[in-house]
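Line by line, the protein sequences give chains H and C. With the first letter of the first sequence counted as 1, position 295 gets the number 295 in our numbering; the numbers rise by one all the way through. With the first letter of the second sequence counted as 1, position 239 gets the number 587 in our numbering; the numbers rise by one all the way through.
Calculated from the structure, these hints are not laboratory results. Among these hints, one or two may not hold up.
Said to hold, decoys possible - Cross-link-like lysine to aspartate or glutamate pairs, in silico, DMTMM-like; alpha carbons within 20 Å at most:
#1 C:Lys403 / H:Glu256
#2 C:Lys362 / H:Glu256
#3 H:Lys266 / C:Glu485
This is what each chain is made of:
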Amino acid sequence: MNDRVRSARRVLADRVTLAHGGGGKAMRDLIEDVFTSVFQPPGNEDQARLTHAALAEPGAQLAFTTDSFVVSPMEFPGGDIGTIAVCGTVNDLAVGGAWPLWLSAAFIIEEGVEIATLRRIAASMQTAAEAAGVRIVTGDTKVVGKGSGDGVFVTTSGVGVIPAGRSLRADAVRPGDVAIVNGVLGDHGAAILAARGDMALTTDITSDCQPLNHLIEAVIVAAPGVRAARDATRGGLASALNEIAEAAGVGIEIVEAELPLRTEVKGVCEILGLDPLYLANEGTLVLFVPPDQASSALAAMQATEAGRGARIIGRATEAHPRRVVMKTVFGGGRIVDMLVGEQLPRIC
Amino acid sequence: MRYAEEFRDPVAAKGVLAAIARVADQIGASGEKPVHIMEICGGHTHAIFRYGLDKLTPPGIEFIHGPGCPVCVLPMRRIDECVEIAERPGVIMTTFGDAMRVPGQRKSLLQAKADGADIRIVYSPLDALELARRHPEREVVFFGLGFETTTPSTALTILQAAADGLGNFSIFCNHITLPPPIKALLDDPHMVLDGFVGPGHVSMVIGTRPYDFIARDYGKPIVVAGFEPLDLLQSVLMVLEQIRDGRAEVENQYARVVPDDGNPVSIAACAKVYEPRPSFEWRGLGEIDASGLRIRTEYAAFDAEVKFGVGYGKGHRAVAEPEGCRCGEVMTGRIKPPACPQFGKGCTPEMPLGALMVSSEGACAAYYQYGGLRLEETA
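Construct the entire structure; sequences and hints are all you get.
And the structure:
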């Protein structure tokens with residue numbers, strides 16, 4: 001600990017240079033000052049050493065996942081690339097029913113990035129990790145020349161454990177199961193779009209990025225029969241629902257009038273011709289519960305910070321297997337297909 | 349969201365739909381003998397499918413999806429020429445995003461970008477102009493395309509570039525005008541049409557008078573329409589009422605946005621910068637007289653065709669459409685998209701073969717995305 005106190009503010013440069021990736025003293029200073037002093041991993045080596053005692057978490061299965069983050073701009077209303085790098089991987093673990101425990105964080109940094117930016121990203125990661133109750137235990141940095149990257153790219157991997165008897169699987173969804181979302185849709189995608197500045201849009205929309213593991217735990221306690229959960233990230237709610245319909249071989253019907261959408265997000269979508277069902281989220285999930293447990297699952301979600309805006313939006317059906325259909329406000333029905341191509345560049 | 353949701357009111361829609369069914373009965377329209385109404389504009393095609401209007405209206409009404417999707421009617425040859433310019437050393441090609449995936453004979457702009465061409469998506473030609481100011485050592489080209497809706501902004505950009513005396517900025521001009529293809533469709537002996545729903549945004553610029561010939565010379569009703577579902581339903585009702593009353597008129601349902609005389613400032617800017625080409629090729633429709641615009645000689649310094657020696661100046665070279673592609677027949681209403689043997693097989697929105705699958709405003713893409721199932725199945 002004393003070492004770390006002494007190492008504080010060893011990097012005095014304003015910007016990252018290739019020397020920070022050279023493997024020498026500058027690199028060690030960058031890692032220790034900017035990252036490990038914030039994350040405080042157990043030990044100062046590349047490798048995390050997890051003792052048997054630490055591994056003896058109560059659980060029946062290990063869960064392991066990885067994700068890379070390249071969002072542009074790196075900082076946006078409601079978060080930054082660090083926030084989503086932690087939340088994204090935590091949520092990947094949590095929707096599989098795991099308790100997230102440890103993360104790794106690897107950074108590809110373009111020469112010229114401000115050290116102050118890196119410090120803000122590291123602080124956001126630690127804040128998100130604390131909110132989720134996980135530790136960032138190992139990591140890596142590489143510096144690439146100007147033009148070979150775009151700011152900072154972050155890759156996080158995460159390890160968690162799945163308690164015995166627990167199974168959240170997309171293919172477990174059955175006709176009649178109720179679909180619930182935890183809150184408003186599309187805020188992250190709309191916030192990124194506005195923050196890019198290309199559209200000269202001024203909005204108050206902030207990204208929804210947040211860890212969802214506590215919410216999922218609360219739901220599992222209240223509704224132990226919960227079948228499946230999916231975080232609606234890239235490709236939005238439409239893609240999450242299509243994945244579930246495909247895996248379970250069921251149809252899914254959602255009701256447009258029940259979708260929680262902010263007026264500002266609807267407005268942005270109207271102006272730009274986007275569909276909010278395809279906008280990315282970083283703290284929004286959809287889960288499926290048997291009908292008799294729907295109201296207790298809903299109440300449990302609404303009692304958590306991340307689930308206050310929870311709503312029932314539809315159900316799984318026997319009709320039209322592998323298809324997601326939306327009853328429109330207008331009284332018609334339409335297919336909600338997977339996203340084709342990209343609605344927006346580099347959203348996560 | 350005021351000013352949008354009023355036009356999506358399901359209760360009001362029921363009233364209009366009942367009126368449509370009544371008038372359709374009065375004129376004897378039925379599933380066997382339907383009234384054919386063409387919505388000219390791709391935005392209308394998209395809205396019809398998005399809100400399921402084709403299924404909410406009685407079977408006696410058949411929508412024919414018109415040529416008003418600018419990306420869809422862009423011929424392969426022009427994509428090839430655009431790629432050719434983009435691949436020249438020193439060039440930055442700028443384009444609206446929806447043109448990126450349009451297949452060319454050799455490659456799309458997306459493929460050309462992956463192969464190393466500097467191609468950037470912009471949201472306005474003024475962004476391209478700004479890029480030219482920031483990169484005086486590069487030649488910045490804007491891929492100008494679209495109907496009267498986008499034509500004025502390109503014209504104003506050229507006037508701005510001329511005022512600034514910029515030497516490294518030009519336009520690859522593919523702007524087209526809507527009345528000539530409508531005339532070509534009306535002259536097509538295979539075409540069976542009883543009336544039109546006219547484009548809203550194009551008319552905001554050119555007004556409603558350029559459609560007079562449709563009513564006067566061809567005796568067909570046309571109603572210029574807005575883009576919300578109630579706008580479209582009301583316009584269909586107005587077309588049906590004209591048919592019932594034996595009238596053929598140009599009516600304006602979208603008067604809250606479209607003045608009968610259009611936008612004189614835009615019209616003047618376009619007249620200053622462009623002149624009609626003798627003819628221009630439309631994908632699926634072929635060459636149509638005076639349907640495209642080129643940049644006047646006064647502004648030749650900003651004309652990429654002149655600067656790079658490509659395009660119509662170089663002589664005609666037709667490019668055959670891909671084998672089995674029946675976009676032309678879909679566009680003239682002879683077949684519905686699923687009747688094309690390539691639909692959903694060799695041609696999908698991920699890997700479009702024909703133009704109508706490329707843009708979400710194309711009839712095939714709209715069918716593919718929204719239309720693959722009947723409403724009863726969703727009950």
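Cross-check of the supplied hints:
At most 20 Å may separate the alpha-carbon atoms for a hinted pair to count; lysine 403 (chain C) and glutamate 256 (chain H) meet this at roughly 18 Å. Proposed proximity of lysine 362 (chain C) and glutamate 256 (chain H) is supported: the alpha carbons are some 18 Å apart, at most 20 Å. Between the alpha carbons of lysine 266 (chain H) and glutamate 485 (chain C) the distance comes to roughly 42 Å, so the proposed pair goes past 20 Å and is violated.
In the structure shown, a violation is registered for the earlier hint numbered 3 alone.
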